[in-house]
Amino acid sequence: MRILVTGAGGMLGQDLVRALRERGHEVVPLARADLDVTDLGAVRAAVRTLRPHVVANCAAWTRVDDAESHPDAAFRVNALGPRNLAVACHEAGAALLHISTDYVFDGRKGAPYREFDPPAPLGVYGASKRAGEELVRGLCPKHWIVRTQWLYGAGGPNFVRTILRLARERLEAAGAGEAPDPLAVVDDQVGSPTYTRDLAQALADLVTSPAYGTYHLTNQGACTWHEFARTILTLAGLDRVKVRPVATAELGRPAPRPAYSVLDNHLWRVEGRAPLRPWAEALAAFLREGQA
1 MRILVTGAGG MLGQDLVRAL RERGHEVVPL ARADLDVTDL GAVRAAVRTL
51 RPHVVANCAA WTRVDDAESH PDAAFRVNAL GPRNLAVACH EAGAALLHIS
101 TDYVFDGRKG APYREFDPPA PLGVYGASKR AGEELVRGLC PKHWIVRTQW
151 LYGAGGPNFV RTILRLARER LEAAGAGEAP DPLAVVDDQV GSPTYTRDLA
201 QALADLVTSP AYGTYHLTNQ GACTWHEFAR TILTLAGLDR VKVRPVATAE
251 LGRPAPRPAY SVLDNHLWRV EGRAPLRPWA EALAAFLREG QA
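The sequence shown: position 121 = 121 (UniProt numbering), numbered continuously.
These are computed hints drawn from the structure, not numbers from a lab.
Quick reminder that beta carbons are idealized off the backbone N, C-alpha and C, glycines included.
Misleading hints may appear alongside valid ones.
[Claimed, not checked] Listed next, with one range per pair, are the computed distances between beta-carbon atoms:
#1 Gly175 x Leu40: 35 to 41 Å
#2 Gly138 x Glu271: 20 to 26 Å
#3 Pro275 x Phe116: 16 to 22 Å
#4 Arg48 x Gly213: 23 to 29 Å
#5 Asp34 x Thr248: 32 to 38 Å
#6 His53 x Phe116: 43 to 49 Å
#7 Glu250 x Ser69: 35 to 41 Å
#8 Glu271 x Arg108: 23 to 29 Å
#9 Pro275 x Asp117: 17 to 23 Å
#10 Asp34 x Ala174: 43 to 49 Å
#11 Phe159 x Ala179: 21 to 27 Å
#12 Ser209 x Gly110: 32 to 38 Å
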């Protein structure tokens, strides 16, 4: 198949391009500089010219806090971008794979979210991603919408790299024999850390079948950001640096965050597909492979 990947320069985009090529697909990677998904004319021209069987949309505005002060920009990328791709795909008879997020939920359910739970975003970022989902569903019948969360990988900045960098800086500043300053990490948000390489492999499997619909896809298990940080440092041999739990409210960030947004990979599971490996196992592999 010929598969066009938008947002191909991003963390997930890079891993998806690699996974698709490993399966023998003809892949056309388009980074933001190659295709502005907010430009309907450019999107239609690209799809018409390249004639893909599938378009995989990894392009997104992911700066959650900035979205609160730049709502139009966030909606332009996260809502109009998917709309433009959906229009172009429908005209060309192509299928559309669109990546979404746990932020479409408010985190108040108290249990893992399934694909058919009603969205209720708390902030601009989540609202813009929900709008993108609705436009894809309404405009392109042949679509997969995949919600995921807490991504990290080799192709970009992420929480794992940030924690490792901060820990090494504190160790260097402390010197031998001194206790390094602790890291402060929130302990009242729960989710599933997800390795982009694992997610990309699952996405590459998904687009080979017309099992259209909305999916939740994450590594298995859940933790708080605090537990995630402690596990990162333990696996990396940097647990001399301690992690202090703090409440989200203490950080004073502009955008609200869902407190419990674990995604139940329900549809994936009932279809009999193999689950992604546990998050701690995936993290260990990421560190072992020297990707951080």
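Evaluation of the provided hints:
no.	hint	in the structure
1	Gly175 x Leu40: 35 to 41 Å	57 Å, violated
2	Gly138 x Glu271: 20 to 26 Å	24 Å, holds
3	Pro275 x Phe116: 16 to 22 Å	19 Å, holds
4	Arg48 x Gly213: 23 to 29 Å	26 Å, holds
5	Asp34 x Thr248: 32 to 38 Å	37 Å, holds
6	His53 x Phe116: 43 to 49 Å	28 Å, violated
7	Glu250 x Ser69: 35 to 41 Å	21 Å, violated
8	Glu271 x Arg108: 23 to 29 Å	28 Å, holds
9	Pro275 x Asp117: 17 to 23 Å	19 Å, holds
10	Asp34 x Ala174: 43 to 49 Å	45 Å, holds
11	Phe159 x Ala179: 21 to 27 Å	24 Å, holds
12	Ser209 x Gly110: 32 to 38 Å	33 Å, holds
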